[in-house]
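J.: Sequence:
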Amino acid sequence: MRILAALLLALSVQVAHADGDALAWLQRIHAATQKLSYTGTFIYRNGDQAETLRIVHSVGSHGTRERLETLDGQPREVVRSGDEVKCYLPGSKTIKIDKQTDHKVFPALLPENLQDIGEHYDVRAGAIERVAGHECQAIVLQPRDKLRYGRKLWADIKTGMLLKSQTFNDKNEPLEQFAFTEIRIGGKIDQKQLKSRFLAESRAWHVEETGAAAASLAASGWSIDPELPGFRKITEMKRTQGGSSEVGHVIYSDGLIALSVFIEPLANKTSMPPAGLSHQGAINIYSRKVADYLVTVVGEVPAESVKKLAESVKYRMP
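Numbering of the sequence shown is given in our numbering, commencing with residue 1001 and proceeding in unit increments.
Just so you know, these hints were derived from the structure itself, not from any lab. Fair warning: there could be bad hints in the mix.
Between beta-carbon pairs, the in silico distance windows are [unchecked claim]:
1) Arg1197 to Gly1276: 37 to 47 angstroms
2) Ser1278 to Thr1041: 21 to 31 angstroms
3) Ala1200 to Lys1099: 18 to 28 angstroms
For each residue, glycine too, the CB sits at the ideal point set by N, CA and C.
With these hints in hand, go ahead and build the complete structure from the sequences.
T.: Right under this line is the structure:
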């Protein structure tokens, strides 16, 4: 019995060490994506659809700047400077401007605070694999319930940069994937690479600016009480759309993924969108009418999670 107890203790120590090592890798991934400059091309896969994108990310005395553009399909470009995000849509000759403090684009997918990850996911280090010519450490995040999807991440061994991310369901079937095909990590970035290639012609385009301000939706008669263990309200605001109408926006997070609740007056809509569930890759969307508003919940979680959150939204005339 003593020998068996010793073996079990040794095994538990090994497992704890592996979990700690995997959590350390997650912290290293976050640090790399925040502190290192990089340029590269990655492919986003969603079912039988694929999109190729080019990213330039610069960190320096000027702050954080980034340009992301699609290389196939409809041209689209997103340019970020600090928390200001500009989306250039040449097809409609439109620029959309927003302030986003929680802006997350591959490879910068992980939050700064990772201390709660172990409560909702089993985190373990996997094998060493190659991605885009780089030796990478694989890390697997297996959810402890059916409210979340699993993740597998591949981090460059030398720098910690996230080079590949895969989201999978409870049957371990892949739902979506981001993967670099080539990347240059570190070094100086030519600031010209961070300017929109539509900068000159876009001066005559239509500009849509989305304002956002902290707000209490409870004061307007709204209550949200989701039965989603581990998800906490992160922020609550009102956004301005089209220069006038206001849309309520509440964000919940479990420390890794975020769920957004949008509350929009139906008067904004020329026609009532279909209620119920829809999805795009690993992102599920659930909409329902509440009083004279459209409530929409969006998140990279199973359908049941967005449905539960949407159905917990209640309105009482103040």
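J.: Give a verdict on every hint.
T.: Outcome of the hint check:
{"no.": "1", "hint": "Arg1197 to Gly1276: 37 to 47 angstroms", "in the structure": "holds (39 angstroms)"}
{"no.": "2", "hint": "Ser1278 to Thr1041: 21 to 31 angstroms", "in the structure": "holds (29 angstroms)"}
{"no.": "3", "hint": "Ala1200 to Lys1099: 18 to 28 angstroms", "in the structure": "holds (25 angstroms)"}
In summary, this structure violates none of the numbered hints.
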